[in-house]
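Peer 1: The residues making up each chain are set out below.
Protein chains: 6
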Amino acid sequence: MSRVVCFGEIMLRLAPEGYLRFVQADKFTAVYGGGEANVSVSLANYGIDSAFVSKLPDNMIGQAAINSLRQYGVNTDKIVRGGDRVGIYYCEKGDSQRASNVIYDRAHSSIAEAKSEDFNWDEIFEGTEFFHFTGITPALNDNAAKITLEACKAAKAKGIKVSCDLNFRKKLWSSEKAGQVMGELMEYVDVCIANEEDAEKVFGIHSSGTDVESGKLNKEGYQEVAKKLKEKFKFEKVAITLRESISASNNDWGAMLMDGEEFYYSKTYSILPIVDRVGGGDSFGGGLICAILNNYSPQDTIEFAVAASCLKHTIEGDFNHATMSEVKTLMQGDGSGRVQR
Amino acid sequence: MSRVVCFGEIMLRLAPEGYLRFVQADKFTAVYGGGEANVSVSLANYGIDSAFVSKLPDNMIGQAAINSLRQYGVNTDKIVRGGDRVGIYYCEKGDSQRASNVIYDRAHSSIAEAKSEDFNWDEIFEGTEFFHFTGITPALNDNAAKITLEACKAAKAKGIKVSCDLNFRKKLWSSEKAGQVMGELMEYVDVCIANEEDAEKVFGIHSSGTDVESGKLNKEGYQEVAKKLKEKFKFEKVAITLRESISASNNDWGAMLMDGEEFYYSKTYSILPIVDRVGGGDSFGGGLICAILNNYSPQDTIEFAVAASCLKHTIEGDFNHATMSEVKTLMQGDGSGRVQR
Amino acid sequence: MSRVVCFGEIMLRLAPEGYLRFVQADKFTAVYGGGEANVSVSLANYGIDSAFVSKLPDNMIGQAAINSLRQYGVNTDKIVRGGDRVGIYYCEKGDSQRASNVIYDRAHSSIAEAKSEDFNWDEIFEGTEFFHFTGITPALNDNAAKITLEACKAAKAKGIKVSCDLNFRKKLWSSEKAGQVMGELMEYVDVCIANEEDAEKVFGIHSSGTDVESGKLNKEGYQEVAKKLKEKFKFEKVAITLRESISASNNDWGAMLMDGEEFYYSKTYSILPIVDRVGGGDSFGGGLICAILNNYSPQDTIEFAVAASCLKHTIEGDFNHATMSEVKTLMQGDGSGRVQR
Amino acid sequence: MSRVVCFGEIMLRLAPEGYLRFVQADKFTAVYGGGEANVSVSLANYGIDSAFVSKLPDNMIGQAAINSLRQYGVNTDKIVRGGDRVGIYYCEKGDSQRASNVIYDRAHSSIAEAKSEDFNWDEIFEGTEFFHFTGITPALNDNAAKITLEACKAAKAKGIKVSCDLNFRKKLWSSEKAGQVMGELMEYVDVCIANEEDAEKVFGIHSSGTDVESGKLNKEGYQEVAKKLKEKFKFEKVAITLRESISASNNDWGAMLMDGEEFYYSKTYSILPIVDRVGGGDSFGGGLICAILNNYSPQDTIEFAVAASCLKHTIEGDFNHATMSEVKTLMQGDGSGRVQR
Amino acid sequence: MSRVVCFGEIMLRLAPEGYLRFVQADKFTAVYGGGEANVSVSLANYGIDSAFVSKLPDNMIGQAAINSLRQYGVNTDKIVRGGDRVGIYYCEKGDSQRASNVIYDRAHSSIAEAKSEDFNWDEIFEGTEFFHFTGITPALNDNAAKITLEACKAAKAKGIKVSCDLNFRKKLWSSEKAGQVMGELMEYVDVCIANEEDAEKVFGIHSSGTDVESGKLNKEGYQEVAKKLKEKFKFEKVAITLRESISASNNDWGAMLMDGEEFYYSKTYSILPIVDRVGGGDSFGGGLICAILNNYSPQDTIEFAVAASCLKHTIEGDFNHATMSEVKTLMQGDGSGRVQR
Amino acid sequence: MSRVVCFGEIMLRLAPEGYLRFVQADKFTAVYGGGEANVSVSLANYGIDSAFVSKLPDNMIGQAAINSLRQYGVNTDKIVRGGDRVGIYYCEKGDSQRASNVIYDRAHSSIAEAKSEDFNWDEIFEGTEFFHFTGITPALNDNAAKITLEACKAAKAKGIKVSCDLNFRKKLWSSEKAGQVMGELMEYVDVCIANEEDAEKVFGIHSSGTDVESGKLNKEGYQEVAKKLKEKFKFEKVAITLRESISASNNDWGAMLMDGEEFYYSKTYSILPIVDRVGGGDSFGGGLICAILNNYSPQDTIEFAVAASCLKHTIEGDFNHATMSEVKTLMQGDGSGRVQR
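Chains as they are written, first to last, in our numbering: chain A, 10 to 350; chain B, 10 to 350; chain C, 10 to 350; chain D, 10 to 350; chain E, 10 to 350; chain F, 10 to 350.
Where hints are given, some of them may not hold.
Because identical chains share one entry, a pair is satisfied inside a single copy or across any pair of copies.
Claimed, not checked - Lysine-lysine pairs mimicking BS3-like chemistry, simulated, CA-CA at most 30 Å apart:
(1) K210 - K243
(2) K236 - K36
(3) K36 - K225
(4) K36 - K237
(5) K170 - K228
(6) K236 - K124
(7) K180 - K124
(8) K87 - K36
(9) K155 - K276
(10) K167 - K186
(11) K167 - K337
(12) K337 - K210
(13) K337 - K36
Calculated from the structure, these hints are not laboratory results.
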């Protein structure tokens with residue numbers, strides 16, 4: 010099948026237009042997205058043969074979700090059809106001091122109620138080099154966690170590299186449960202991706218000197234976090250995004266990569282105004298995997314991943330539509346935003 | 010509380026703009042509606058003190074559903090907050106030979122998972138004259154059927170008139186199950202409302218000479234249907250809407266009322282083009298209850314109900330926004346559509 | 010100045026999108042229009058040098074009204090700036106049995122409160138061949154009627170042909186008042202334009218055998234109406250549009266011209282579905298004046314005017330954007346609507 | 010009736026979409042709002058039983074204005090129907106160095122032409138604790154000022170607390186006239202609300218060291234202003250908002266409360282980009298009244314009012330849709346805008 | 010490659026919203042389409058492995074055109090990137106007596122300026138059973154005609170069935186030129202598709218008793234047309250669509266199939282109102298090829314093709330989004346348009 | 010004809026809505042604009058009699074382009090109709106670190122293929138004081154360069170002042186070719202307008218200490234640039250805009266004027282967020298010409314031009330809709346963006 014396989018849930022995102030609040034909306038823009046689907050689209054955009062695996066109902070909403078992936082070149086042949094519903098998340102865009110709001114309505118979705126026998130991982134992984142999942146899928150329920158574990162085992166058995174974005178969601182599970190389930194899955198993971206608070210929320214590994222709520226990060230403290238993660242789970246690489254939230258419209262955005270024993274920090278971008286923050290982390294993952302598959306140097310790897318995700322913040326929807334050449338231009342230093350004509 | 014109480018589910022309706030199909034939509038117009046909520050809005054529009062009772066989640070989507078009722082003057086004080094989700098239905102508008110499509114995503118909604126103790130019917134029915142429900146609510150599941158039965162019993166105990174729109178939905182239950190559950194509820198019903206196929210689908214009472222699929226109805230045959238319904242359940246009144254579908258854009262629309270032993274037929278309207286057919290039957294129910302509460306003659310009653318619902322077909326969304334005076338103008342014969350200026 | 014001068018009010022029209030009702034609207038499409046402005050745009054579209062004269066406030070809404078005329082080539086140099094407001098009309102589009110609704114909010118507009126000294130008719134009419142007004146302007150108030158009378162006198166003094174569309178508006182004045190004021194103005198009019206009920210509403214001249222409300226017209230009866238109008242006011246030409254309203258979406262549309270002693274009837278068009286009926290009569294006037302200026306035969310004159318206004322019914326907004334060649338194609342018999350490619 | 014009663018005008022606001030200018034607009038977004046109506050919606054959002062009293066025409070535009078209030082839970086039972094029109098204001102959103110523009114078209118509205126006998130204040134104030142009005146209503150004309158005075162007297166007679174937002178509008182009246190009319194009304198006022206220039210424009214009380222035009226405020230100078238206001242009118246509380254305009258898109262926003270003899274300053278928020286500034290002051294008033302009714306400490310009162318109105322700047326339309334919990338989260342220090350999921 | 014290959018141009022279609030005219034539009038809906046691309050989408054919708062071959066510029070507009078095909082499952086791997094521009098057609102929707110208008114801006118598009126060496130037909134046709142083109146591609150210019158001829162020859166050499174929709178476009182070439190170029194291509198064609206006037210316009214074969222302009226067809230006369238086409242070019246099948254245009258909104262739609270010596274007529278559908286007529290003929294071609302590949306009986310073949318294209322008239326855009334099961338439901342007689350719920 | 014004549018191309022600009030990328034767009038907002046047309050609209054807005062001369066096809070898209078100019082008061086009488094197409098540019102709005110993108114599709118437009126005999130400059134320039142063109146028109150092709158030269162010569166012969174905005178476009182021609190063609194044209198130019206990189210790109214005159222890519226300018230260095238330009242071409246005035254791009258959303262904007270031997274620098278505005286940067290330079294040119302025609306002092310001239318173009322950055326579309334009084338208010342120092350009400 011494809012060079013990279015991503016597995017997880019793709020949801021319908023319903024968002025009021027512009028900066029309208031839920032109670033003001035009589036229209037929702039409808040896009041499809043999800044942590045792993047977003048990564049698969051990023052990769053396809055960079056010209057990498059990429060497949061997304063999931064389960065979706067055999068109705069026209071499920072079809073529309075598939076079409077949204079096909080449109081951007083993702084292979085959807087292994088998406089299973091069946092079950093009752095496409096998961097939904099309602100998303101209200103924040104501005105300045107007003108935070109974005111997400112209301113999940115994803116319980117009982119087709120993928121949440123999928124069965125092990127829906128997926129033949131040996132077949133799915135034929136010809137695959139890289140498998141990616143996130144902490145959201147095992148958080149759905151025990152069954153989804155079990156399928157994820159089966160996928161990890163099958164990947165490892167075939168010598169496929171595995172990456173995981175910890176992606177802790179407090180509305181889906183507790184830190185305790187997350188630590189336990191994710192702990193087991195980490196055994197199969199080579200590349201660990203986390204944001205500035207995932208390590209603490211999932212594994213209780215704290216970055217000293219950091220107060221995420223206030224938007225102040227101690228960037229050096231994350232070296233310690235990465236080291237502990239590596240010690241515990243033998244990761245090959247650990248990549249941590251470092252977001253400083255000045256407001257809903259203005260974030261400083263950078264990241265750190267631990268590759269072997271070394272640490273690499275990217276440039277920091279001051280993004281203002283943010284167009285759409287959702288999917289920012291996923292676009293980092295997509296950039297990171299692309300850079301790894303292209304054998305970029307560690308410094309270039311983290312610069313590429315951060316430039317890619319910086320651009321995502323300026324793009325509507327879950328998917329990152331930045332092209333290879335746009336990411337490269339930005340990582341090489343042109344963030345002046347001068348008209349290209 | 011209010012003069013009329015309606016009980017049931019209010020859902021979020023997601024519809025592609027204009028005549029776009031689901032797979033073409035990147036926006037959904039969002040309105041709220043449901044069989045019984047639609048009746049409560051019709052009544053409030055006619056100046057009748059009307060309440061809607063249901064359960065909705067304690068989030069902003071639930072709040073938006075409530076607001077949509079308050080906006081049109083419906084009392085929402087007895088709506089219980091809690092549970093997980095607002096039920097959804099996706100609705101794609103048909104045209105000419107292409108039928109409208111409805112995809113339900115309503116399982117596990119707050120009202121479907123409500124409990125008997127959520128509703129104190131004695132308190133709800135204080136000062137109430139009329140209670141209305143439809144066959145959709147008991148179809149949700151056994152629990153919803155049980156609550157409906159409790160409401161019916163409480164209404165009867167207080168001497169409140171009860172109306173029911175049979176509203177058979179084949180995607181929710183089988184004819185067999187419907188017949189059994191609805192049969193028990195009918196004991197408490199005074200006014201039975203049905204469309205041209207409900208009696209057959211729920212109780213197996215067929216109108217000879219009619220082929221609903223082909224759009225050809227034998228209007229006289231429905232006298233027999235009404236008689237049998239009355240014999241079986243001792244209804245005071247039976248009202249049957251008679252729709253002849255020429256196409257998705259063009260319907261002939263009329264109705265028959267059996268009041269006591271007599272039959273009254275309304276005028277028939279040729280509606281072309283139909284703007285939105287959903288809620289057409291509910292607007293008939295709303296008009297009927299309004300006419301009954303206003304002590305209209307049987308002929309005026311059926312003319313009012315049919316004129317009201319004719320106008321609904323020209324209005325977007327689930328709710329009927331026709332005013333009292335517009336309905337009267339039409340029932341008195343001015344369907345010429347000349348500009349009012 | 011210009012070959013044809015039209016004088017009257019141009020208003021802001023606020024209309025809910027599509028078929029939404031006023032109470033459903035959170036957006037209004039905004040166009041500008043008015044009986045006489047609409048005629049001036051029709052004429053400019055046909056390549057005739059046409060000016061519109063009025064008064065508009067010296068703010069950006071007044072400017073936008075002017076721009077809407079300039080956009081389509083109308084000369085606006087003689088529009089006076091001042092006064093308080095642009096008149097508004099809210100317009101809700103009807104469908105099938107539901108009539109369109111117009112709510113006027115035009116009192117105290119700049120033109121309604123204009124003064125005689127705002128207009129120097131001698132200067133305005135320099136080089137003018139044709140002056141057009143409608144019964145709406147004198148209906149605004151006595152002052153507007155006085156200015157209209159002054160314009161008529163100035164036109165006659167210069168030998169300019171004068172046309173008037175009776176355009177009775179019951180929300181602006183009574184039949185009694187209208188008969189009196191319009192009676193005086195008719196003295197200066199050469200070409201009288203009326204719809205199927207204006208003659209009766211303004212001058213009490215009834216067409217026997219016609220019931221406008223029911224949509225049934227006795228077309229021959231209008232010969233008598235035209236004759237009586239001519240006898241009374243010495244008109245050169247009388248043109249009467251004959252609309253049969255089957256529904257808000259479906260009208261039969263034709264007209265009769267009395268030229269000298271002869272009667273000429275146009276083809277009748279069955280328009281379905283109507284896109285926008287407002288301005289239909291004005292587009293007839295525009296077509297009629299164009300045909301007269303081009304010296305068409307009486308039969309061609311009435312065919313051109315009716316074909317022009319038939320096309321207007323298929324176009325959004327007050328203005329008729331049909332081109333000369335489109336009108337000719339239709340009047341020559343091609344109403345098949347085949348794609349032009 | 011309700012715990013808080015607000016009295017004034019609710020207008021239709023017509024705004025071009027996004028950042029379009031009036032001359033570019035062919036659509037207007039339509040919301041309803043006004044200084045006092047905005048306060049009544051804020052209070053209803055915070056769960057306080059709140060009523061709005063006004064007069065609106067008996068047509069569908071008047072109905073839509075009422076519906077917009079009902080939608081958000083405001084009691085509208087005492088709104089009188091009658092008169093000619095809903096007042097309008099056109100509003101063009103500014104950006105960066107380009108200021109927002111407001112064009113008023115509110116003369117001759119139903120409330121401006123209301124009569125004393127339209128309102129039975131004794132009945133309206135039954136069970137009321139708080140009465141709120143602003144300087145806009147008496148500015149409409151002498152008649153509206155007279156009705157406002159009657160309301161104030163009736164409120165005082167019942168021991169109801171009265172708050173007034175000075176809200177000077179130079180397009181409605183002169184400083185001289187304002188000072189005279191408002192001076193008389195202040196006798197009945199307990200809580201005085203003003204912005205950084207109202208005290209000077211209405212009562213000639215200047216804050217030394219401040220140049221509003223340039224956006225530079227001397228915050229300490231406002232202690233003197235508050236003291237003088239209190240001396241003159243015996244207010245219980247004086248609250249002054251302190252806006253520093255860096256540009257149309259970027260304001261620093263804070264406030265000062267004088268309670269008894271003490272002064273309390275809120276945090277200052279740097280809002281960027283502003284979504285909609287209109288109604289910012291009203292949302293401050295709504296927050297202030299809510300805090301007072303909830304017996305917050307003076308410091309919490311001013312923090313709550315400022316946080317509430319900070320959030321309003323991020324919300325489209327006149328109404329503040331921030332919830333109680335959102336305001337509290339912000340006043341407790343989380344302005345980082347991190348996604349809530 | 011794919012089971013069916015279609016070759017031609019895919020253009021950007023720019024259409025004013027709703028029924029707006031070009032001069033009223035400040036927005037264009039943007040879809041992509043073209044005679045052969047439309048067929049390829051129809052086939053993919055029916056589950057047939059379908060590829061589209063063309064040339065598109067290497068910019069984001071070219072990419073968007075490709076994405077629109079991928080979205081609906083068409084294989085785009087053999088689309089060549091290069092050249093200067095995506096061809097455009099502006100399309101204004103007609104209504105009632107007003108015809109739709111198409112303005113072509115397609116000269117100098119990438120496919121019009123493609124070269125023979127851009128396409129390796131042997132590779133493209135690997136595994137292909139069916140090749141489809143239309144008369145539009147050779148009409149672009151001699152070069153495009155040459156490439157089309159090369160494709161036909163390559164197809165024949167591999168034993169691939171070839172279908173051609175004559176699709177005469179008078180704005181692209183003369184009847185004389187068309188007859189000559191198409192005559193040569195017909196040698197390779199097995200299935201000839203034409204509308205009611207193509208045979209006459211391209212090959213001068215007239216159907217007696219028919220006046221296309223007036224919308225009156227002599228259906229029997231088309232047997233003679235089909236026979237003559239077959240005699241001249243040895244077609245295996247000739248399919249002729251028979252459109253009777255009552256107006257731009259109302260067409261009667263049917264077709265005739267000559268298979269061997271026999272003639273088969275479909276049902277005739279009265280379509281009202283038409284949502285989008287463009288692509289109607291292409292959807293007929295798509296249905297026809299699908300039916301042939303599925304070995305339907307001749308009668309079922311023509312019924313399937315006509316039902317498919319009837320549904321297309323109710324769908325926005327160039328592409329037909331009717332599903333297999335929707336087409337079958339309609340061809341089996343349910344055109345009543347009753348809501349599917 | 011008119012006091013100022015501008016000559017060049019007006020194109021259709023197709024832009025995705027909001028911040029959508031090309032591949033996400035299913036709608037394009039459509040406005041018309043071009044370097045010289047934008048100047049002509051600016052001048053008309055300031056009340057200066059201004060004409061635009063070009064060639065546009067004789068179809069409805071060409072007509073819409075003309076209407077867009079007429080709407081804002083530009084004289085279009087000398088626009089020649091003919092040729093094949095309106096040039097197009099696709100424009101995707103950038104945000105923060107993501108640059109705006111322009112895709113040109115302007116080859117083969119009517120003006121690019123116009124002929125010398127299409128324009129009678131003697132007639133066009135009757136009564137004209139000022140002629141303006143830009144470096145874009147001669148860049149189209151040799152023929153357009155030739156017509157531009159003819160215009161320049163005719164202007165000079167009549168003693169008309171000539172201004173030119175260098176406006177280098179690297180997608181249209183090379184620096185070498187530009188230098189050669191523009192060099193010849195400069196002989197006729199009195200007022201030279203350039204941005205921070207034009208002088209270098211066209212004539213190889215570099216500003217030392219400046220790195221345009223990085224957004225850092227050495228403002229003093231531009232004195233040297235202006236001096237060299239003046240020495241070479243004997244310009245009367247040289248005006249250079251100085252843009253420092255912090256990001257696509259945030260620019261510092263100012264300019265320098267060399268008048269005679271003296272240098273004048275404007276204030277610098279920090280624009281954030283930018284609404285639409287396209288046409289920013291043209292609005293500077295429009296402001297400059299207006300100030301010159303009004304005989305402003307050199308300092309006022311450069312302040313007016315910069316304030317005008319600062320406001321343009323806050324306005325959607327190519328045209329600057331800032332009014333005379335708005336520009337003056339800003340140049341006099343009120344950039345606080347306080348609501349005007």
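Peer 1: Among all the numbered hints in the text so far, which are the ones the structure does not match?
Peer 2: 2, 3, 4, 6, 9 and 11
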